[in-house]
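S.K.: Now for the letters of each chain:
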Amino acid sequence: MLRKASLIVLVATAMALVANAISPKGIPLFGPLPQPGIEGVGLIGLEDAWQSFERGQEIFVDARSAEQYRKGHIPGAVSLDARRFEERLSSFLALVPLDAPLVVYCDGQGCGSSREVAELLREAGYRNIRLFQGGWEEWVRSGYPRETEAGDETTVSEGQEDDSSTAH
Amino acid sequence: MERGGRLGTTERARWELWLLWLCRVSLAVVFLTASLEKIAHPAEFARAVSNYRILPAVAVNLFSLVLPWVELLCGLLLLAGQWTRSAGLLAALLFFLFFLAVSTTLVRGLDIHCGCFDTTAGRKVGVQLLLEDSLWLLMSCVLAFRADDRWGWRQLLGPLALSRGKEARHAGRRGQAPGS
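Protein chains in written order, with our numbering: chain A, 1 to 168; chain B, 1 to 180.
Honestly, I wouldn't trust all of these hints.
As the list claims (entries may be wrong) - In silico SDA-like cross-links for lysine to any residue, where the CA-CA straight-line distance does not exceed 20 angstroms:
no., chain 1, residue 1, chain 2, residue 2
1, B, K124, A, S79
2, A, K71, B, L110
3, A, K4, B, F145
4, B, K124, A, E137
5, A, K4, B, D148
6, A, K4, B, Q82
7, B, K124, B, T104
8, A, K25, B, K124
9, A, K71, B, R108
10, A, K25, B, A59
11, B, K124, B, L94
12, A, K4, B, V66
13, A, K71, B, T104
14, A, K4, B, A80
15, A, K4, B, L76
16, A, K4, B, R150
17, A, K25, B, V66
18, B, K124, A, R84
19, A, K71, B, L106
20, A, K25, B, L36
21, B, K124, A, F85
22, A, K4, B, V142
23, B, K124, A, S65
24, A, K25, B, A43
25, A, K4, B, L94
26, B, K124, A, E116
27, A, K4, B, R108
28, A, K25, B, H41
29, B, K124, A, E67
30, B, K124, A, L120
Hints were generated in silico from the structure; no laboratory data involved.
Let the hints inform the model, and build the full structure from the sequences given.
M.R.: Shown next, in the form of structure tokens:
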């Protein structure tokens, strides 16, 4: 039985490699995947996100669940749960003007929610949207300031000034 | 049914064959549906796998490429009733891995798409998915422990093979050629 199971895996591997080699949609076997762009939405990394945060002119939009937002988010970020986008949109529109520059983020690399929210916000009329790809995970790992729903802000790890957490 | 309320050997075999048939066809449908979507969109599926943050980055693409083909082959073998036990064993292994991946994702509180049937959007990882995985894991285990592992037309027929066998034996007792 194990021999047959191994044979199935072996044949599947061979078929996968051949199909990937001849398919126009083939992907690199080991390299990083190209990130697909979203029309009208810029993609930014941690450095750009931090600079936006320091400038304090852009509004960070947290596309994760409300529960995750409560546990911690980028200071000043507005919660817009991707799963409850429709019901939250009207209050978001009342709070954030259509010409406001936005930075949308979710859990981390390609978590999906931020892309979803960015696309929906664009459909809703927002034109100045950027997507922070590294998201919450990269932000926290870099020791940048965090905020809970109660407004408590954590200290910043080495290399960051404590008062930077109040930039927003 | 035999006298005394106990299932006779043939009766029990028939029920078991139907149970095995149900398990293998259900799993075949699940695997075929899931694999074709993943094969058609390899990059999207690789991203979905990457979102689980379980595999090292270097292994994500290769795993994402091979997994759907394993699912496809398992699905075809299960549908045809060939090497059912081996395909069931592989299916059990896969669903065990999926179960671990989904449960650790829930524990870590990640908000991600499961990448199971629709690679671009669709279902998020949640408790319902965990329950479905458990059911499929159970079905796979039934096949891995009880199914036939041979290759042949009798395995393709499944429960029908038993009734054909009975007819043949009955016909033989009446002195007729089987199948006539």
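S.K.: Sort out which numbered hints this structure fails and list those numbers smallest first.
M.R.: Checked against the structure, the hints that fail are numbers 8, 27, while the rest are satisfied.
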